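Since the structure of chain A is provided, determine the placement of chain B on it from the hints.
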Amino acid sequence: MNYPFWDVEMGYGILMALIAVVHVFVSHFAIGGGLYLVVTEQSARKHDDARWLGFVRRLSKFFVLTTVVFGALTGVGIWFIIGLLDPAATEVLIHNFVWAWATEWCFFIVEILAALLYYNGWDRMSARNHMMVGWIYFIAAWLSLAVIDGIIAFMLTPGGWLESGSFWAGFFNPTYWSSLVLRTGICIMLAGLYALMAASREKDASFKASLVRHSAGWGLVGLAVVAASMFWFLADIPATVMDTAAKAMPIPMAALGLMWQLALVLGAMLVLFGLVLPKAYHPLVGVAVMVLGLVWFGSYEWFRESIRKPYVISGYMYANATEVGKAEAYQADGLLAHMAYRTGDDGDDLFRHACRSCHTINGYNALKPLFDGMDRDYIDGAVMGTGKMLGNMPPFLGTKAEAGLIADHIYKQVDHRPVAEIHGLSGAALGRKVYELRCGSCHVPGGHGSNTESYADMEPGDLGDMLDMAADLGDRMPAFTGTSEERQALIEYLQILGKGGAQ
Amino acid sequence: MNMLPESYFLSAPLWLITVLHVLTLTLHFVAMNFLVGGIIVVLAGKFSDKWNHPVVKQFVKLFPVAMAATVTIGIAPLLFVQLVYPRQMYSAAIVCGWFFLLIVFVVIAAYYLLYGGSFAKAGSKRVPALLFLALAGLLYVSVVYSNVFSLAERPGLCKALYARNQSGLMLNPEVGSWIFRWLHMMLGAVTVGGFFVGLLGRKHDDAFKVGKTFFIGGMAVAMLSGFVYLFSMMDLMKPLMHSAGAWWLLGSIVLALGSLHFFMKRKFAASGGMLFVSLLGMVAIRHIVRLLRLDGAYAPSSVPVHPQWDVFLPFLVCFLVALGVVGYMLKLYFGRQRPD
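Chain order of the listed sequences is A and B.
The opening position of the first sequence corresponds to residue 1 in the numbering used here, with each subsequent residue numbered one higher.
The opening position of the second sequence corresponds to residue 1 in the numbering used here, with each subsequent residue numbered one higher.
The set of hints was computed from the structure by calculation and includes no laboratory data.
Treat the numbers as computed from the prediction; the structure is a model and nothing was measured.
Hints should not be assumed to be uniformly reliable.
In silico lysine to aspartate or glutamate, EDC-like type, Cα no more than 16 Å apart, as pairs [claimed, not checked]:
#: 1; chain 1: A; residue 1: Lys400; chain 2: A; residue 2: Asp475
#: 2; chain 1: B; residue 1: Lys159; chain 2: A; residue 2: Asp7
#: 3; chain 1: A; residue 1: Lys368; chain 2: A; residue 2: Glu9
#: 4; chain 1: A; residue 1: Lys412; chain 2: A; residue 2: Asp377
#: 5; chain 1: B; residue 1: Lys209; chain 2: B; residue 2: Glu6
#: 6; chain 1: B; residue 1: Lys159; chain 2: A; residue 2: Asp345
#: 7; chain 1: A; residue 1: Lys326; chain 2: B; residue 2: Glu6
#: 8; chain 1: A; residue 1: Lys499; chain 2: A; residue 2: Asp457
#: 9; chain 1: B; residue 1: Lys265; chain 2: B; residue 2: Asp310
So that you can see chain A by itself, here it is in the shape it has in the complex:
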């Protein structure tokens, strides 16, 4: 609340992912690739193999141009983007971990200089000195990961820091070690994938086969480390978080599922094209494997980011930057009183600070489709009940009057025609749509907040009574305020649900 809100229609999640996923895809290669280069160089020199040495040399040029320029700059880009999108959380991280970041900077300086000397030193330095610089590069790069991992893992599992505020409790948090091993595995895997891309362009078939086999081995070893440590990582995430996710958070669970599927496909491709048919490792296969790796990494990062919900720093700060520790103050004073930057339109300001981190009206994660055809009172009730909804959203911490201002703000931008007219539906189909819109955010048939069994023995009149007294049935449950046609259609649909149908 101490910062202005950057209003970008494309959505914070997408903007963050665009920069962060691309960065981690390069930055992890920067670590694993460093190891790949020096280990392969060492082996080539030991066997006095000029072709392998030539390959490593060519790869080192690509490596420097990719990691030192693009990797390093997109890393700065992450700093920029988190400061723009989530300055409050960044402020917390900076104040608590500034010396960790400063330490990482020391490793970064060594890393960058070592990369430049390694690349420029092929002809100038002796083999021993060259490999020494290569090893220094890898060690510095991995140490920078070991530092950053503490801060990234902290956001998911702050552990004892929440009680003590101790740096070390926050840094060596419950997911630190598993995350570090997992990311190390990713580094090794990506070293293999990038090297495969380079190997795919090799003309000499037999040399290409040995290059591809060697690099696929790196990819598979990395993937094996990733798979094993993923179980460890998942076990380190508090059970309550995983349980809640399984029940009410479709996005991280979908990302997790996608991640396992992609890992299987990636493994199969590495075995097939890397080990069985290495000569057939066409550049297009290389591109496909790289894209798979990128999407796999994206799904992992999406899982890690979204499993934290409703928090940006678990147990400390919600995703919309409201602070857990200030909840009582917000509720007493109202959110507006805590906003340092105002525009003169209170509804707009409240909407931005309470909802816009994750939702737009008509763009990314849009609210309009969810509220088209809804009346203002329902929207008001929905705002008050966000903490109960599917997706594990942050609770609304403002006053009742402020929820009303947000409701007004949303209501004036949605379609005011009845649901039946907007969607061209009637009868049970209309009932289903009304259920999705008015009930489905908290009650998923057969899933999160499901109570379909209770409808089994209810007559239409009982169901009607239930709708009439909806506001009294649960904490923060809004009253049913739809039209009589919607009410009738909903009763019809609830009967079908009660009989076990239409889920």
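Here is chain B on its own, set in the frame of chain A:
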């Protein structure tokens, strides 16, 4: 609920953070000045057979390295400014959001352009075009930075701009509040660029002459623009002259002139040392001006200090080890190579 840790604190005494901030920012400026000033001098300087001139070729090869140094060293002052002034800096950056974010992509493009120049064959006509484009990108970055940091010192203006537009499409409309500051910075870069051209071109008369011309000319106009900037501050002039800033200013001017004196005598160690301390003084003045400008709105000294010495110490050890490793690697690279 209210037992959660408080996060708005400084994890070391303010003086220590300030020293580290000023020092690392000065080092960042040295690298940036080498880069920006070097490109300007190379593009505008009258070298004989310019694009085949050994000094020019050496600079073209060094520009990507200078870019790496500028970015890498620049991370530290960015870290410290975010630590002490997060609410001022992020807020200003958000108001200029898209312009600020674009910096990342512009720098990436400029970096690749510089690499393109360094890979090009000697005498290639592509080199000046690539350098020119890279320079245009770097000037964009400098303008946006000047906008953001001048806005960060003006919370009232920042709030007014945000009330007008929330999409991150604003720049500081009070041009006078950043243009002289920016100009002074860029002319300073030309001065330092001239110094480095003179230093690396000391064995080539024409290159030294080019360096000297830009060193003297750059310093003259940088001083002039500095005074214009000083007078444009209006009401801040008096408190600045009554603060340590006056001594820093006087010392910086004297040192800059001393640097010029030794440069003419080709005593580059003394000249470079004085130039560095002069630059350090300018950064210190910049810091004092920020404090004066924010007076009444925010005082860093009001932020609670909870030192994390148990974390600072490992950082210090890592820093010293890193310096040692950097020295060791340079020795491996430049030293005598033992046969394998």
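To see whether the hints hold, each was checked on the structure:
1. In summary, the hint linking lysine 400(A) to aspartate 475(A) is supported, as the alpha carbons are separated by about 14 Å, within the 16 Å threshold.
2. Among the hinted pairs, lysine 159(B) with aspartate 7(A) is consistent with the structure: their alpha-carbon atoms are about 15 Å apart, no more than 16 Å.
3. Taking the CA atoms of lysine 368(A) and glutamate 9(A), the gap is about 13 Å. The hint holds against a cut of 16 Å.
4. Using a Cα cut-off of 16 Å, the hinted pair lysine 412(A) and aspartate 377(A) holds, with the two alpha carbons roughly 13 Å apart.
5. With a C-alpha separation of about 58 Å, the suggested pairing of lysine 209(B) with glutamate 6(B) is violated against the 16 Å cut-off.
6. About 14 Å separates the Cα atoms of lysine 159(B) and aspartate 345(A), which keeps this hinted pair within 16 Å; it holds.
7. Taking the CA atoms of lysine 326(A) and glutamate 6(B), the gap is near 11 Å; set against the 16 Å cutoff, the hint holds.
8. Taking the CA atoms of lysine 499(A) and aspartate 457(A), the gap is about 9 Å. The hint holds against a cut of 16 Å.
9. Only pairs whose Cα atoms come within 16 Å are accepted, and lysine 265(B) paired with aspartate 310(B) is rejected, the gap being roughly 48 Å.
The earlier numbered hints that this structure contradicts are 5 and 9.
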